[in-house]
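There are 2 protein chains.
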Amino acid sequence: MSFMSVDSDKLARTSCVRPIKIEDGRVLLLDQRKIPERVEYFDATALSDMFNAIKDMIVRGAPVIGVAAALGLASEGRRLAHAGLAQREFIEKLDLARKKLQSSRPTAVNLRWATDLIFEKACKGNSANLSLLADELFAAAISMVEDDIRANMMIGRHGASVIPDEGGVLTHCNAGALATCGWGTALGVIRSAWDHGKRFNVYVDETRPRQQGARLTTWELLQDNITPTLITDSMAGYLMAQRRIDVVIVGADRIATNGDAANKIGTYTVAVLAHAHNIPFYIAAPLSTIDPHIENGDQIPIEEREASEVTVIGDQKICPPEVHVWNPAFDVTPARLVSGIICQTGILRPPYTESIQAALAQAPD
Amino acid sequence: MSFMSVDSDKLARTSCVRPIKIEDGRVLLLDQRKIPERVEYFDATALSDMFNAIKDMIVRGAPVIGVAAALGLASEGRRLAHAGLAQREFIEKLDLARKKLQSSRPTAVNLRWATDLIFEKACKGNSANLSLLADELFAAAISMVEDDIRANMMIGRHGASVIPDEGGVLTHCNAGALATCGWGTALGVIRSAWDHGKRFNVYVDETRPRQQGARLTTWELLQDNITPTLITDSMAGYLMAQRRIDVVIVGADRIATNGDAANKIGTYTVAVLAHAHNIPFYIAAPLSTIDPHIENGDQIPIEEREASEVTVIGDQKICPPEVHVWNPAFDVTPARLVSGIICQTGILRPPYTESIQAALAQAPD
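Quick note, the sequences are listed as chains A and B, same order. Under the working numbering, the first residue of the first sequence carries the number 42, and numbering increases by one thereafter. Under the working numbering, the first residue of the second sequence carries the number 42, and numbering increases by one thereafter.
Looking at chain A on its own, in the form it has when it is part of the complex:
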């Protein structure tokens, strides 16, 4: 079985939640800051709009910001192609655009991976006709959307086996359709298991400071008629002590070649708790999340974001203004706490240095 094979019926069904839409050559992003109150799309076709959309988390989630940035870079390529530039100037300006997009968020590696792919295609492509080349780049970026959904469907298929027939599953943050181009990674596994008739309780961490669990994951699951139970991040330990969790599954923003994985802040705490309670802890992510240049988690840059994410919720200030704040957006879970990494080629197991190398060798690019 090719790992790109996929059930086309299921693919069609994923259309209910789509964080990216292409309409008349424009790149529209579901504004995830407004979910669950409103479903609104933001036009991020222009380079500066895409940059801000990623930085301000209108779009978030490692796989989808990779594809969004690729579409943003390709859109910029189209604009440049109509500016009457020489080929060398076109490539120089496209390179600046790539670097700008890559600087929008430092931790997720998919952003670099996807924009590098588009840029390499530009360098290798037919530069005699820049307009045609730009269209090819845009088509390549669009094909990433379907590739990503296909990868997620395969992740779901492989991962469904780790989900119990009944009992409880805990997830942190949002690694769902909203974080990808559709179906999702961690939530894709949950969806696939549900599709296979398994009926279990899905517990969702609120995921402070930005509450992606409370706002996005619950909303997304409800679209599929799965009613989750929301807890605050502080409740995960007690929930496990009550033996209500059988497996934990989360996404990732960057995975080192030894299996250490950066993911949304709080993931490490959940992994330590799972380990202390002998609960399997899985990461679900496409192979593009693995950074072949990084050997361990210490080398992964961790973004620190502004204090107001912690101190203000909606219009509510939750603490006195004089307070100091520490706000890392991600943390690193060491490989020793990870039971398996579910990707489109299967479930990678320790020792990850070997299983990751083998999976990357099997991947198409």
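Take the hints with a grain of salt, since some may be wrong.
Pairs involving identical chains hold if they fit within one copy or between any two copies, as the list cannot separate such chains.
[Claimed, not checked] As a list, the in silico DSSO-like pairs of lysine-lysine whose alpha-carbon atoms are at most 27 Å apart:
(1) K358 with K239
(2) K358 with K96
(3) K358 with K75
(4) K358 with K141
(5) K62 with K96
(6) K96 with K140
(7) K134 with K358
FYI, nobody ran anything at the bench for these hints, they're computed from the structure.
Using the hints, position chain B against chain A.
Quick look at chain B alone, frame taken from chain A:
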């Protein structure tokens, strides 16, 4: 040294933050729901007002709700004494009032302890003059305020030794002056260490769902010119992994005779994290927090509160309305994760079954 001895200068200085004030025989409670925005007192002299003040968390924190309830019961005694009742009827109605107050919140044992003390005093007192008896009950309740502050000063004195000269201390929820009658338990230890000239970073967990860390602990420390660093609950693990925490210190709502301790939800998670990082984890609490009738944590009733505490922050709804919610207000930390219990007689060490028994035998009542 008597364990009731205390530095009277320090006692006077604790007046800056007082969750209970007695004015003209009325019991006024600092409305902790409004901190840090506003400092307002709520008149809880009437029984139903005190019941609601405890239930709705106008006043919260195990030691102070004990004393507040004792004052509420004594106030009700004064009201009954002027109603022209027979002695037996007076006691019956006072018993009903006691039971009503004890039903306001199930987990903290100090509430039961303090109201039982007042009620026993009523049963044993001179019933020939109910008005005089009621005044005696009120005076006894007032003396609990000073006893509590004295106990906290001793807790602070004993506990200061566990705080490093520099480095980092993490606390969860609010076990400060606001949770007691002044000075605080866990924050009392931090204050005492600061008084001794130690200079360390105080990290404060937000403490979702009700954010007592963000709202109350930060505000209280700023009153003493200690500037804390606020983190979300999800960041504690990563903070420890970065070696920025040398000791964890929290309060307790009920301690079993084996040392298992109920405290604000999320405490157990912090204890597991501290254990995984070889960081000492201390509980600071007066002896009245120990429940001599309970052998282990499984027997401690855990209050579950309404879903809206999780789903609404200020006016902000953070999730779709269809979502299920689990909202336990407390969790239980097993004794094996507790490095020591700091109380007014000293630091109790494992095996707690023995050290707790010895401490209770040493206590005055």
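Hint by hint, which ones does the structure fall short of? Of the numbered hints, 1, 4, 7 do not hold.
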